[in-house]
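Participant: Residue-level listing of the chains:
Number of protein chains: 2
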Amino acid sequence: MIPAHVPERRYAIFAEGRFEGAKTAHGLLRYGKDEVVCVMDSAPAGRSVLEVAPDLRRDAPIVGTVEEALAYSPTSLLVGIAPAGGRLPDEWRDSIAEAAEAGLEIVSGLHQRLAPEFPKVKVWDVREPPDDVPLFSGEGFGVGPKVALTVGTSSAIGKMTATLEIERAARERGVSTSFAATGQTGIVISGWGICVDAVVSDFIAGAAEQLVLEAAKTSPDLILVEGQGSLGHPAYSGVTLGLLHGSCADCLILCADASDDEIMAGVPRPAVSQAARLYEEVASLVKPAPVVAVSVNTRGLEDGEAEEFVAKLAHETGLLAADPIRGSAATILDAILEAPKTGATKR
Amino acid sequence: MIPAHVPERRYAIFAEGRFEGAKTAHGLLRYGKDEVVCVMDSAPAGRSVLEVAPDLRRDAPIVGTVEEALAYSPTSLLVGIAPAGGRLPDEWRDSIAEAAEAGLEIVSGLHQRLAPEFPKVKVWDVREPPDDVPLFSGEGFGVGPKVALTVGTSSAIGKMTATLEIERAARERGVSTSFAATGQTGIVISGWGICVDAVVSDFIAGAAEQLVLEAAKTSPDLILVEGQGSLGHPAYSGVTLGLLHGSCADCLILCADASDDEIMAGVPRPAVSQAARLYEEVASLVKPAPVVAVSVNTRGLEDGEAEEFVAKLAHETGLLAADPIRGSAATILDAILEAPKTGATKR
Numbered sequence: 003m004i005p006a007h008v009p010e011r012r013y014a015i016f017a018e019g020r021f022e023g024a025k026t027a028h029g030l031l032r033y034g035k036d037e038v039v040c041v042m043d044s045a046p047a048g049r050s051v052l053e054v055a056p057d058l059r060r061d062a063p064i065v066g067t068v069e070e071a072l073a074y075s076p077t078s079l080l081v082g083i084a085p086a087g088g089r090l091p092d093e094w095r096d097s098i099a100e101a102a103e104a105g106l107e108i109v110s111g112l113h114q115r116l117a118p119e120f121p122k123v124k125v126w127d128v129r130e131p132p133d134d135v136p137l138f139s140g141e142g143f144g145v146g147p148k149v150a151l152t153v154g155t156s157s158a159i160g161k162m163t164a165t166l167e168i169e170r171a172a173r174e175r176g177v178s179t180s181f182a183a184t185g186q187t188g189i190v191i192s193g194w195g196i197c198v199d200a201v202v203s204d205f206i207a208g209a210a211e212q213l214v215l216e217a218a219k220t221s222p223d224l225i226l227v228e229g230q231g232s233l234g235h236p237a238y239s240g241v242t243l244g245l246l247h248g249s250c251a252d253c254l255i256l257c258a259d260a261s262d263d264e265i266m267a268g269v270p271r272p273a274v275s276q277a278a279r280l281y282e283e284v285a286s287l288v289k290p291a292p293v294v295a296v297s298v299n300t301r302g303l304e305d306g307e308a309e310e311f312v313a314k315l316a317h318e319t320g321l322l323a324a325d326p327i328r329g330s331a332a333t334i335l336d337a338i339l340e341a342p343k344t345g346a347t348k349r
Numbered sequence: 003m004i005p006a007h008v009p010e011r012r013y014a015i016f017a018e019g020r021f022e023g024a025k026t027a028h029g030l031l032r033y034g035k036d037e038v039v040c041v042m043d044s045a046p047a048g049r050s051v052l053e054v055a056p057d058l059r060r061d062a063p064i065v066g067t068v069e070e071a072l073a074y075s076p077t078s079l080l081v082g083i084a085p086a087g088g089r090l091p092d093e094w095r096d097s098i099a100e101a102a103e104a105g106l107e108i109v110s111g112l113h114q115r116l117a118p119e120f121p122k123v124k125v126w127d128v129r130e131p132p133d134d135v136p137l138f139s140g141e142g143f144g145v146g147p148k149v150a151l152t153v154g155t156s157s158a159i160g161k162m163t164a165t166l167e168i169e170r171a172a173r174e175r176g177v178s179t180s181f182a183a184t185g186q187t188g189i190v191i192s193g194w195g196i197c198v199d200a201v202v203s204d205f206i207a208g209a210a211e212q213l214v215l216e217a218a219k220t221s222p223d224l225i226l227v228e229g230q231g232s233l234g235h236p237a238y239s240g241v242t243l244g245l246l247h248g249s250c251a252d253c254l255i256l257c258a259d260a261s262d263d264e265i266m267a268g269v270p271r272p273a274v275s276q277a278a279r280l281y282e283e284v285a286s287l288v289k290p291a292p293v294v295a296v297s298v299n300t301r302g303l304e305d306g307e308a309e310e311f312v313a314k315l316a317h318e319t320g321l322l323a324a325d326p327i328r329g330s331a332a333t334i335l336d337a338i339l340e341a342p343k344t345g346a347t348k349r
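Chains as they are written, first to last, in the working numbering: chain A, 3 to 349; chain B, 3 to 349.
Chain A with its partners taken away, still in its complex shape (with noise of 0.2 Å):
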């Protein structure tokens, strides 16, 4: 949600019953800018965060209750997890009115809107697009810094993963970025953006300028965009075709992982350099956005067929491939600096 600057947060994570696959409150706690003061989850309470989950990158304690989590003087209840089927459950109704109640502001990636049930406390609906987004306008063309998107091969293939740590390998760097989310995880990990694939279809162009136009008001050296879906995916290609000539992108890193599952309904992975040159070309019909690298997911690779298949990729596609987690996001980052700021397509 626009605008950028936010207050700063102190959460308690909200995960009853499923802290271990909790992907919001996983992506908050391993990215996240704000302060994480606990996590409430009654089966692991009395444990810490990295005594469950040793990569997350940083600890906090885990409690049972609300009662025991105000002692830890939050400042924003984080529902943290999804509940099948996407309307929330009574049992969980009960713990989140009683951090309202304490005074906590609610904050939610649910696609269920909870501000209409706590009308009376302090909600951020993630999901909910700004109620203002006008249509692409062009104004996106003139943005000054660099913006890099994100593209992937398939859906939830590490995008916003990959797009963090080119974040982290920047600022180890000294280089400036605006990270511009445009999923509820990436919202609450960054305390802004907008959740493209909830904004009605005529405005995603334009969501995705908005976007980029505001990560641009810090004067950063880079933008850094969160892509969503696939160009290939038939449930979401049109997010990501939107969200791709909407942000006015300068660059692509495309992102691809070991596995040849189908997309969903029997339609499969395009191959890596199919993808590549595809998004380049339906790219450019709008500005030009060469894919300078691929960052690859290896999960559930050994460590020496991970390097293997890395090496694989970047034969394949004559491009830079490197793994950002097992590896480092550093190289990917370089390919982005030396990329050139593009303009739009012209006759």
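Everything labelled a hint here was simulated from the structure, so no lab data went into it.
Hints are not guaranteed to be accurate.
Chain copies aren't distinguished; within one or between two, either way the pair holds.
With a straight-line Cα cutoff of 20 Å, these simulated SDA-like cross-link-like pairs (lysine to any residue) come out [stated by the list, open to error]:
id	residue 1	residue 2
1	148	316
2	219	303
3	25	276
4	35	59
5	25	148
6	314	273
7	348	264
8	314	327
9	35	305
10	314	263
11	25	44
Dock chain B against the given chain A, drawing on the hints supplied.
Facilitator: Chain B alone, transformed into the frame defined by chain A:
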């Protein structure tokens, strides 16, 4: 709006001050199946539709007031014009309220929804999507009839007109069709459909798939899907691609014109042959859909120029090209009927 089967309407078309440029009014007169009993526009009142706009193919009296319109026993008032700024002007409100008080249904394709403005009467806000559009599921891959979708080198290039002319050619040939409308004018013309650019982005493809599933229910020989936007239109490309993948099209008709105006914000129209190739390649990520014909909009050209231009596009693309308005859509229909039904892309 789904469902497909709606009562027949007798329309009075409200077009005060601007009947001449009223796109939805003209579309309904030219292609609609519902009766049009009169048009309301006080300046040309007393004349007839064909006196003012001879190319509209069917006549109706033009009247100056709601009272006069009521004498023709309409069931519905169509707000047939779009106000500057998208809000309902006060001077229209009185007329619409008068019609509503007389018991007429109000039919509106405005961005602004009229149901909340006139809570006590029957309002059909054509742009309002159904509230239960599901995500794309892949069920559309199994649709029985062949699905043809119009696409374009730019927006506002005549995709709806081409689709409706192909429908007319099919009717004359005894080929049964179902026209799946995706924009407000098409929906008013056919009496059902979903305005896909008004759907939340996550559901564009799902909406397109629902349209095709609905259109298949009458078991037509052919489903004709009205296209939207353009793959190279920076503001609307997301809608275009969501519709392309979601409709599970078997073949495409590429709409082109003789203009070399920019699409918007300096972005040029792509070459017709490039557009054809790129639509095919992007479609085939999900389901092959060859471009089987170019439908040429020759508005503004002299007859001889038009013929040359159509021939030039046929030569450039290697495809059948035809002008459905100056000529006929019969050959385009042939090309569609000859195209095979395709299946979803397999590995």
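Participant: Hint numbers the structure violates, sorted upward?
Facilitator: 1, 2, 3, 5, 9
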